[in-house]
Amino acid sequence: MTTLEVHSLSMTNFKSYEAETYSFGSGFQVIVGRNGMGKTNVLDALHYLGLCRSYFPLRDSELLRHGSEFFRLEASIRQDGRPFTYTAKVVPGSRKDFEKDKNTYSTLAEHIGQMPVVLIAPNDTEIISGFSEARRKFMDQTLCQVDQTYLAHLSSYNRLLLQRNAYLKSLLQGKRYDPAVLEAIDQQLSPSAEYIASARRTFVKELLELVRVNYQAISQAAEQPSGIYQGALDESNWSELMQQNHSTDLRMGRTMKGLHRDELVLTLDQHPARRFSSQGQLKSLVFALKIAQFQYTSSVMGRIPLLLLDDIFDKLDQYRVSALLTFLVDQQVGQVFITDTDEDRVPEALLKMKQAFRTFHVHESQITEVTTG
Amino acid sequence: MMEEFRKKDLICGLAGYFYGMNHSSRLLQEAVEAFSTLPGIGRKTALRLALHLLKQDAEQVDHLGDAIKRFRRDIRFCQTCFNLADGPQCAICADTHRNRKTICVVESVRDVMAIEETQQYRGLYHVLGGVINPLDGIGPEQLHIDSLVGRIRSDQPEEIIMAISPTIEGETTIYYISRLMRDLPVRISTIARGVAFGGELEYADEITLGRSIMSRIPYATNPD
Chain A
1 MTTLEVHSLS MTNFKSYEAE TYSFGSGFQV IVGRNGMGKT NVLDALHYLG LCRSYFPLRD
61 SELLRHGSEF FRLEASIRQD GRPFTYTAKV VPGSRKDFEK DKNTYSTLAE HIGQMPVVLI
121 APNDTEIISG FSEARRKFMD QTLCQVDQTY LAHLSSYNRL LLQRNAYLKS LLQGKRYDPA
181 VLEAIDQQLS PSAEYIASAR RTFVKELLEL VRVNYQAISQ AAEQPSGIYQ GALDESNWSE
241 LMQQNHSTDL RMGRTMKGLH RDELVLTLDQ HPARRFSSQG QLKSLVFALK IAQFQYTSSV
301 MGRIPLLLLD DIFDKLDQYR VSALLTFLVD QQVGQVFITD TDEDRVPEAL LKMKQAFRTF
361 HVHESQITEV TTG
Chain B
374 MMEEFRKKDL ICGLAGYFYG MNHSSRLLQE AVEAFSTLPG IGRKTALRLA LHLLKQDAEQ
434 VDHLGDAIKR FRRDIRFCQT CFNLADGPQC AICADTHRNR KTICVVESVR DVMAIEETQQ
494 YRGLYHVLGG VINPLDGIGP EQLHIDSLVG RIRSDQPEEI IMAISPTIEG ETTIYYISRL
554 MRDLPVRIST IARGVAFGGE LEYADEITLG RSIMSRIPYA TNPD
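Protein chains in written order, with the working numbering: chain A, 1 to 373; chain B, 374 to 597.
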């Protein structure tokens, strides 16, 4: 297992940061400061460098510092014992280049997976309580990072589905129906759909094993989390499915069944977690799920991702904070970035656990390292 | 504050001058505007071209103008293959020395030129005029597909070579056409896809490299 460590991060015109460079060390990097001071933006910058997009549903133009036309992010990294530099140069709406050691990738897909990251944020509860789209996104994000072939199939699937729907819609508007066009689109959709469905199925099986163990360790409760993947291709292959829904698709003018409707049902003691969880159960389950994502990513890539924890200790008492951190330390983590509004509780807990850490204070997008005795 | 305003006015004035707001002649302005409608030509280049024409003989400039007018007015599409032509048939279809047993199917006239440039192909062409792309409102009926089928029925070639870009829309088009020809006695092939000649393996993307491995070809020690 190799580790990944960010030594320095430069942000230019990114969100609240005009032009700043910060250095980090090994182990835990604790970033403290009041709300709205720019803590999360540091984590999002690292996420952007890893996955070519913000963790939040923001477009590139919304990541620009007010009044600027481009932003640039750069991280100096030590990975597998060697130094690397990853750079993102973005002019929203016209250019988006990623570089590895000053060499521009020909496609962004080539970069995804090079610098693995997993970010955990308070709104991750959406994965459990939100619509099925949030759960599909969770599966896709995990799989795209560890499997380039999955990423390629997913982007073909999405493009072909757009073409399919555009064709069906044009029929409603009176275009002459030619079955061979749908057949030509479907025979290409088929291998991508089969690959995605089978990858998701295997992933969910492995993920749920990890979630079960994590949940027990975190919540120390008796209830058992479980789940099941309900996919469009569970019982038929793509062409059968499209045959079955042929007339409905023609009538509705879009593709009614497919992977874009798949669901990952999570349960606690056989009850859908989406409806029956208490706030405490919800928090524990989300954390168990996200840590499982981190563990899965580590084991498939053979490389420990950066772990970015955004404000997840909010409203937890010192005992729960220590318990979560102890759990984390047991998980073979590499470099971990933690943001918190409380200046002392995470450093205090880490000190007690004799963990290496550094503390940074953020005030109005200025970061200063807090020297600890 | 005042000084800043003046600076701004001056810059706007200069920009206006260079970008064609205030030419001393309306004729010049029209010429510049006409040139700058062409792709890749901005106002500055348009001005340079217009001023260059002033240095040339009137006769030369007439010739240029006539060539442009005649080109636009008289150019035809070949009735057989839809390549550019001067009459009902293009020079390639009219050339009796070309192999009439193969038809190479391409998206656009530019692809014909690219393949001709290689001097490796002596058969005929068929220009589709695009690929099937419902998102852009292009279905088979917008393309020259019916005429291709007609050609195959009447001329009975031995082989159809699909020289279409290996994009998602290109693949849809290749499948669609192949399906139409399922019952016709013609061999269908596609151009090889894989690692670029002179390219290095480690720089090839995964999809290309994976496909190159899957569709590898026998190695001949005495290639003809």
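Honestly, I wouldn't trust all of these hints.
With a Cα cut of at most 30 Å, we get these calculated DSBU-like pairs of lysine-lysine [as the list claims (entries may be wrong)]:
(1) A/K100 with A/K137
(2) A/K89 with B/K417
(3) A/K137 with A/K96
(4) B/K417 with A/K96
(5) B/K417 with B/K428
(6) A/K169 with A/K257
Don't read these hints as lab results, they were simulated from the structure.
Here is how each hint holds up against the structure:
no.: 1; hint: A/K100 with A/K137; result: holds (27 Å)
no.: 2; hint: A/K89 with B/K417; result: holds (29 Å)
no.: 3; hint: A/K137 with A/K96; result: holds (22 Å)
no.: 4; hint: B/K417 with A/K96; result: holds (28 Å)
no.: 5; hint: B/K417 with B/K428; result: holds (17 Å)
no.: 6; hint: A/K169 with A/K257; result: holds (16 Å)
No hint from the list above goes unmet by this structure.
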